[in-house]
Structure formats: structure tokens, C-alpha cells
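Trainee: Take a look at the letters that make up each chain.
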Amino acid sequence: MSGHEISNMGEAAALLEVRGLTVDARSRAQGRDIRIVDGVDLTIRAGERLAVVGESGSGKSITARAIMQLDPALRLGGSIRLQGQELIGASARRLRAIRSSVVSMVFQDPMTALNPLMKIGDQVAEPLRLAGVGRREARRRAQEMLDRLGVPRAAERMDAYPHEFSGGMRQRVVLATAVISGPRLLIADEPTTALDVRIQDQVLDLVMMLSQQEGMAVLLITHDLGVVAGFADRVTVMYGGRIAEQAPRDALFASPRHPYTRGLLASVPRLDGGSHDQLLPVIPGSPAPPARRPAGCAFHPRCPLAMDRCRTEEPRLRVVAPGVEAACHLAGPTITTDASGGEVLARSRPEEDVIA
Amino acid sequence: MNGDRVSLRAEDITKSFRRGGSTTPVLQGVTVEVGAGEVVSLVGESGSGKSTLLRCIVGLQRPDSGRILYRDAEQATRAGQAVFHREVQIVFQDPYSSLSPRMTVQDIVSEGVIVHRLESSRRRRLERTVEALEQVGLSAADLPRYPSSFSGGQRQRIAIARALAVRPRILICDEPVSALDVSVQAQVLNVIQSASRNLGLGVLFISHNLAVVRHLSDRVAILRDGRIVEEGVCDEVYASPSHPYTKALLAAVPVPDPAAERRRREARGESDPRFAPLDEGEER
Numbered sequence: 073m074s075g076h077e078i079s080n081m082g083e084a085a086a087l088l089e090v091r092g093l094t095v096d097a098r099s100r101a102q103g104r105d106i107r108i109v110d111g112v113d114l115t116i117r118a119g120e121r122l123a124v125v126g127e128s129g130s131g132k133s134i135t136a137r138a139i140m141q142l143d144p145a146l147r148l149g150g151s152i153r154l155q156g157q158e159l160i161g162a163s164a165r166r167l168r169a170i171r172s173s174v175v176s177m178v179f180q181d182p183m184t185a186l187n188p189l190m191k192i193g194d195q196v197a198e199p200l201r202l203a204g205v206g207r208r209e210a211r212r213r214a215q216e217m218l219d220r221l222g223v224p225r226a227a228e229r230m231d232a233y234p235h236e237f238s239g240g241m242r243q244r245v246v247l248a249t250a251v252i253s254g255p256r257l258l259i260a261d262e263p264t265t266a267l268d269v270r271i272q273d274q275v276l277d278l279v280m281m282l283s284q285q286e287g288m289a290v291l292l293i294t295h296d297l298g299v300v301a302g303f304a305d306r307v308t309v310m311y312g313g314r315i316a317e318q319a320p321r322d323a324l325f326a327s328p329r330h331p332y333t334r335g336l337l338a339s340v341p342r343l344d345g346g347s348h349d350q351l352l353p354v355i356p357g358s359p360a361p362p363a364r365r366p367a368g369c370a371f372h373p374r375c376p377l378a379m380d381r382c383r384t385e386e387p388r389l390r391v392v393a394p395g396v397e398a399a400c401h402l403a404g405p406t407i408t409t410d411a412s413g414g415e416v417l418a419r420s421r422p423e424e425d426v427i428a
Numbered sequence: 026m027n028g029d030r031v032s033l034r035a036e037d038i039t040k041s042f043r044r045g046g047s048t049t050p051v052l053q054g055v056t057v058e059v060g061a062g063e064v065v066s067l068v069g070e071s072g073s074g075k076s077t078l079l080r081c082i083v084g085l086q087r088p089d090s091g092r093i094l095y096r097d098a099e100q101a102t103r104a105g106q107a108v109f110h111r112e113v114q115i116v117f118q119d120p121y122s123s124l125s126p127r128m129t130v131q132d133i134v135s136e137g138v139i140v141h142r143l144e145s146s147r148r149r150r151l152e153r154t155v156e157a158l159e160q161v162g163l164s165a166a167d168l169p170r171y172p173s174s175f176s177g178g179q180r181q182r183i184a185i186a187r188a189l190a191v192r193p194r195i196l197i198c199d200e201p202v203s204a205l206d207v208s209v210q211a212q213v214l215n216v217i218q219s220a221s222r223n224l225g226l227g228v229l230f231i232s233h234n235l236a237v238v239r240h241l242s243d244r245v246a247i248l249r250d251g252r253i254v255e256e257g258v259c260d261e262v263y264a265s266p267s268h269p270y271t272k273a274l275l276a277a278v279p280v281p282d283p284a285a286e287r288r289r290r291e292a293r294g295e296s297d298p299r300f301a302p303l304d305e306g307e308e309r
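Residue numbers (our numbering), protein chains in the order written: chain A, 73 to 428; chain B, 26 to 309.
Isolated chain A, as found in the complex (with noise of 0.2 angstroms):
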């Protein structure tokens, strides 16, 4: 990977670019590497949210945080191109710089995030005062993000410490000390998961406005579907480290093509859902962590569909409707899906068979 190169044609309109990324992680359990991402493309063009849909072992955490290159145990493979430029194999001054200005990061946990022992204030405006920016005025932009994003009495509360601050204060913190140097990308890893309903709301809400206002990209990590169809514009679905479908938002709700995001589409039960008296139409089985991922497609053991070429044959992402890829031997023409999604799902499983 030559690195330098800034291409200008064609690609000028997408922001991140991820090619055949893999990443393995030493498993001393093991002695042997495990393939925890198995090739993911994926792109964000400018002021485009993104959201990246799995459950644990999926690989989207890692994904994400392989962009950031967060954890340096980890060897990555494929190309991750930002703005034109290699990043893996950078330096890590050149690392910093983009960390610094182009692409940020918000985590799960809005308590660790945060350095307990230092002010709201100084930590809001630190990423400015890296940047060379002088203390009055970085502090004056810090009070003013803080304002922006529903912190009341924000100048007051400059000097206040994380500890006097709610989870949903201090995730608004948080978001404001990762967008105040104005990047272009944001990666938000289940940003509102630790927080009660009501806050994640609005918190999404407030990611969802720097995004329009600001032109700012956003690549959102999470396992909730209901998060994805108010935020996204675009939606991934990940299953054992790779990529199941991928999909404008409304095409994906409206006719999901890989059995694995029909099966969640199914199963998660809704606060508008119909008749509870039913049992959830269920997905058999659990995902298997990467180190036992089955061989050729990794969801065939749950799949209801799944044939013989299945269990050897690893599908490609193809496209299989305009601007919708899906990695699945039987999606495409010859299976087309109605809009209740589900129906392929057997109800009557021997597993879900259960209390007869």
C-alpha cells in the first residue's frame, strides 16, 4: 500500500472508503490467529449516516475501530482509504492529524469516555487547544458547542466534573468534545444503549442535527433496528465478521434480501406489533464467535433456507436490486421478498417447539 497517493477522480465524491478489510487477532487460548473481520467493503460519501447493524461478534465494533485503528494488537489487511488517503500502514503522526481533524469518535460508555478528574470545560476544548487554538477562545467555542448541544447553563458548567453530571450530560459532553474540531466523519459506536430510552432519543436527535447542519458524515454502529430506521440513509448488516446485506434504509426495511436480516426484521417484537398472542417468530440457534465461524456461509447453521452450496461455498456480495447487495446464495431475482418480511421463517422448529 503506497499511502501518499490523494486520487481525485471518481472517488472525490466518497469520503471513507473500506475494501477487502480483514483484521486478526492474536488468540493465545488458540495459537493461532482469528480472522474477526472477514473482508468488508464499505463506503460513506460526505454527509451521509451510515448504520452499521450486528450483534456481538458481528464484527461492526471492530470495524469501526479499525478506521480509528484503536487497537494496535490488531493486524489489519485491505485498504481504508479517507478522504483519498491509506490509512493503514500510515505513520502515526499522519494517523493523529486525521484523528484530530477529519474523523472522531463517540463510545458506549459515556463515564469512561471521560477523564473523571478534569473539567467539563477543558475537556470540551481540548482537541481545539491540540489544534493550536488559544485557551480563551477554545474555551469560548467550548461553551458555545456545549449550548448548541442542550447543556443548560453551559457557562456555569465549564467548571463543573464529570461525577455532577447525568449519563445523558455527559454523553452530550462527550459528543461535543468529538465534534468540536469540526470532522467530517463520526463514528458513534452504540452512542445510547448505556442510556434510558428517553435520552437516547435525544441524543440521537442531537447527532442527527450536527450531521444535517454541519455536513458531517456518521457511521453508526448498533444492534437496534428501530435506532436505524429514524437515523440512517444507508444501512449495513453484519453476521460473523462480514457483510450480510447492504442497503438504502427504506429498501432494506421494506424488502430485506439476506434470511439473516429478514429473521431480525421478524423476531423483534414492536411497539406497534399486531396480536400478542403469538410467539415471536424466532431465529434458531446463536452466532457463533469468530474463532467458530462455519465454514462457507457463516449463518447457514440458523438459516432456514440454507442448501448444500451453503455449507461450502461462501456467498459474494452481489448486487442483487438497484443500490442493494446482499450476500446470500438464493437472494437476488429468483427470490423476491414481500413486505412482511418474515414469512420465510418456519414458526415450528424443534428448537422454539419448546413447552409443548
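Worth double-checking, as some hints may not be accurate.
[What the hints assert, rightly or not] Just the calculated beta-carbon pair ranges, DEER-fashion:
| # | chain 1 | residue 1 | chain 2 | residue 2 | range |
| --- | --- | --- | --- | --- | --- |
| 1 | B | A284 | A | D113 | 23 to 31 angstroms |
| 2 | B | G225 | A | P224 | 45 to 53 angstroms |
| 3 | B | A61 | A | D105 | 52 to 60 angstroms |
Worth flagging that the hints you see were computed from the coordinates, not collected in a lab. By construction, the Cβ of each residue, glycine as well, lies at the ideal position given by its N, Cα and C atoms.
Got chain A sorted already, so can you dock chain B onto it with the hints?
Mentor: Same frame as chain A, but now just chain B:
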């Protein structure tokens, strides 16, 4: 034990915690009741007091005032306590810490049967253990295995099997799916729902997930700052919530459907999220 009406009732429970010089009221006169065959959900955000209430009900904490009644009797006598502890079982949130890693599935699921001396012969005990496992979708083949060889969803089903093995009348579930992957939550919810419908179990379901609660519950109680602000038949409360707090909670739940999400956001109204109303607790 007198009274054949199976019901668990927490009556007018109050509980405060003292720290330093100040006293924080956590429960301020809470009453909930679960009868046979019904699922009653207790919904609350963090700090609402739902965990404290649970601890009071099962005797891990002593309420300042109020009574815990089972089958219309207080748990005063030892005999009464024994019945209570057999007939009221709990499933905890985290199936990674609620199962001993050193016990096999057989040991875990049969422990209650042994403690309560429910079966005299080893063979009958085994049968009962297997029956409980089958009720949650596991089998006799799983008996010699250890919890570490199971996924989170399977572990939670083992925890439910442990509860069902003593043939309880009431099952208390404390956030039983919130630590689980989305794709396995439905398996566990179905097991709980089937247990209630088919075995006539009363279920007290404690959760912050309003969509899950709607799917599962016959009745629902909304807990806030140690008080129940609204309760009623689940469908009715969801269709027309009367308390502003219930309305705010329901309005904040995202729906996995883009069109419905658009409607929700429009109905909710606040165009500028900065001015979204904050909880009193928010400003601490």
C-alpha cells in the same frame, strides 16, 4: 398456608436509603400484584426503584413499611417461607453471572428439586430435570455440559429451566433479555410466554424495554421515582396512556419501520432537540 388463590402481592412498599445525613426515598408506596397465568410487567428507567422493589419482594432487602403477601399470607413463618421460596422463582438479567461455572447443567437445574426435597428417587429427579430442560428447548444431551459451552441465550434458558424444575407458580424475570443478542431474545421471550400460557405461571416481568413489555404482558405498571404513575391492561395503556410520563416514554421508543419512525418524530413535535424536555433527574 391458607388460601388457594395463587397471587404474589407487594403492598404499599416504602423503602429509603440513608447516606451521610440525607435520606433518599426509593420506593414510596408501591403496590403490584401478579396472579396465576398472567404476565404483569413493571416498567421503569434507571433510578425508578424497580430493582429495589424486586429485592424487597424476594427478601434480599427489608422494606421500611408495607407487606409482601403470597397466597394472601405474609412470609412470617418458616413453613410459609419454604412455600414462598419454592413457588416463587427468579430469573436474573445476566446469565453469565447467575449460573455457577463449576456446576453441570444437571447440577444447576436439579439443585432446587434437591433442596426442596421434591422427588425422593434419583430417577424421578432426573426425569424432572430433563422435563424442565425440554420445556426450554434443551435436551437430556445437555445434562453433563457446563455453562461455558453455552451461548448467552442458551444460558438464560438454563436459568429458566432451573426455575421451572421446582414447578413454581410465580416466575419473576428481571430484565431477562437485555443482556442477550437481538437474534436470540425471541427464543427466551417465547419460553417465558409459553410457561405462562401453558403452565399457568404468573410472571412478574421487570424491564425497561417497552416493545418487549407490550408483546408479553397482560397488565403493565409504570414506575417512576419510586411511585407507580400508571397501571392497567397493557393494550389499553399503550393505546391511550393517560400519564404524561407514560406518553413521553412511549413517544421515545424507536420503531423498526422508516415510515412509522417519520410519523413518530413528527408526532413528537420537538423540532429542536436542544429544547427537548429533561427529566428532573437529568440536572443532578
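Trainee: So, for every hint listed, does it hold in this structure?
Mentor: Hint check results:
1. In this structure the supplied range 23 to 31 angstroms holds for A284(B) paired with D113(A), their Cβ-Cβ distance being about 29 angstroms.
2. Judged by the Cβ atoms, the range 45 to 53 angstroms given for G225(B) and P224(A) holds: they are separated by roughly 51 angstroms.
3. Separated by about 55 angstroms at the C-beta atoms, A61(B) and D105(A) satisfy the suggested range of 52 to 60 angstroms.
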